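Q: Model the full assembly from the supplied sequences, consistent with the hints where possible.
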Amino acid sequence: MTSLANLAGIATEEDEYLRGFTDKALATTYDQFISALYKSISTAIEKLEAQSHLIEHEGEDATTARIIMFLEGAGYDATQANRSGNVDIVVKRMQRGFVWIGEAKKYNSVSDLREGYLQLATRYTPGNSNTGISYGGLIGYLRRPNAKSHVDAWRREFGGLEVARDATITDCEYFGPLAFNSEHPHQGTGMPFRVWHICAKLYFYPQDSSGRESAVGAERAITHARLISEDQPPPS
Amino acid sequence: MNSRELLIQRIAKIFGDGEELFASTVLIDYLILNPNTGHINLEFVRQLGSAAGAQLTDKGILRSLQYLSGDSVRLIDVCFELIEDEWRIFDLNQEQVQAARDEKINPITGFDDSEILNRIFMFYRPQHDALARLEGG
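Chains as they are written, first to last, in my numbering: chain A, 1 to 236; chain B, 1 to 137.
It should be emphasised that the hints constitute simulated quantities derived from the structure, not laboratory data.
Remember, it's a predicted structure, so these values are computed and weren't measured experimentally.
Some hints could be false.
[To be verified] As a list, the in silico DSS-like pairs of lysine-lysine whose alpha-carbon atoms are at most 30 Å apart: (1) A:148 <-> A:47; (2) A:106 <-> B:59; (3) B:13 <-> A:39; (4) B:59 <-> A:39; (5) A:148 <-> A:39; (6) B:13 <-> A:92; (7) B:104 <-> A:47; (8) A:39 <-> A:106; (9) A:47 <-> B:13; (10) A:47 <-> A:92; (11) A:106 <-> A:47; (12) A:148 <-> A:106; (13) B:59 <-> B:13; (14) B:13 <-> A:106; (15) A:39 <-> B:104.
A: Below, the structure written as structure tokens:
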């Protein structure tokens with residue numbers, strides 16, 4: 001028989017599906033559910049980033065489907081479901097009434113994330129608990145260089161949104177400066193709405209000889225030059 | 001998901017054609033034939049796999065059990081028990097297991113017990129409604 005002590009040696013943190021195994025199995029509160037879920041979402045994002053060379057031309061929905069399928073494999077009820085509009089990711093634990101909603105957007109500019117955040121915060125019905133606190137997530141698929149400058153730009157933009165006025169911003173324990181957490185009253189419920197803002201870094205531009213000298217490499221170089229040029233600040 | 005075939009297809013899509021698919025398939029088929037099975041654990045699934053000609057790893061089996069007990073399927077429910085000896089076996093709920101894990105206490109007596117996790121065991125029970133839907137699908 002397998003004791004909990006033995007289980008720790010099987011369900012290790014290195015196993016992408018079994019990471020946080022006992023936390024998932026033992027979660028009885030919404031906060032515990034969210035904490036376990038965030039560990040799994042961080043794994044899903046890391047997995048996506050490790051596959052950036054395979055998915056560099058993939059559309060937003062296909063990339064989101066990868067996250068959903070991973071979460072399902074990790075034991076969650078994760079679907080693309082409709083809650084007052086088209087939500088990208090809904091994760092539920094029906095028997096306890098736990099729900100988390102996530103909006104995933106291709107991050108070409110901060111206006112993409114602004115639109116995504118406004119959908120998340122004002123269009124969709126948030127997940128909640130008996131404490132009234134609700135959680136959500138905004139995932140930006142970034143296929144551009146210099147991720148930090150884009151996250152910083154979104155953070156500044158977010159700070160100016162009327163719907164997020166007086167929001168509290170905290171650091172992300174999983175992705176450091178390339179993500180952040182926010183909290184402000186949800187405009188519908190008036191209760192705290194906590195959102196995890198994640199940048200999935202999917203930019204792929206290898207510059208070693210095999211990367212440079214292939215036909216694909218030449219295409220990437222042109223794309224890279226265009227992206228660098230687009231990211232330059234406008235002349236004053 | 002309401003039939004064996006759909007469920008197996010979904011498992012193959014998520015995990016590929018590996019041991020998770022094999023372990024899940026042998027367990028699903030066993031439970032359809034034996035819905036009153038009371039105690040499913042890693043050893044049990046390992047024996048099912050062995051009888052079907054496969055040597056399954058603990059990780060592969062646990063991934064399968066996690067998926068089949070997960071929120072999207074719930075074909076089986078995760079359960080815990082404290083086994084003190086042959087005569088003293090206690091079912092534990094999740095809060096009791098959390099207390100044992102986080103505070104290293106015996107959840108029945110409340111006493112400190114640094115070895116408690118060696119005597120708490122996880123197992124699974126069939127979720128009969130889900131199993132009936134699977135059979136009827």
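Q: A separate judgement is required for each hint: does it hold in the structure or not?
A: Hints, verified against the model:
1. A:148 <-> A:47: Between residue 148 of chain A and residue 47 of chain A the Cα gap is close to 19 Å, so the pair holds against 30 Å.
2. A:106 <-> B:59: 35 Å, violated
3. B:13 <-> A:39: 22 Å, holds
4. B:59 <-> A:39: Roughly 19 Å separates the two Cα atoms, so the pair holds.
5. A:148 <-> A:39: 22 Å, holds
6. B:13 <-> A:92: The hint holds at about 21 Å.
7. B:104 <-> A:47: 34 Å, violated
8. A:39 <-> A:106: Holds - the C-alpha atoms of residue 106 of chain A and residue 39 of chain A are around 22 Å apart, at most 30 Å.
9. A:47 <-> B:13: Status holds; Cα separation ~17 Å.
10. A:47 <-> A:92: 22 Å, holds
11. A:106 <-> A:47: 17 Å, holds
12. A:148 <-> A:106: 16 Å, holds
13. B:59 <-> B:13: Cα-Cα ~18 Å, so holds.
14. B:13 <-> A:106: 25 Å, holds
15. A:39 <-> B:104: Judged against 30 Å, a Cα distance of about 24 Å means the pair holds.
In this structure, the earlier hints numbered 2, 7 are contradicted, and the remaining ones agree with it.
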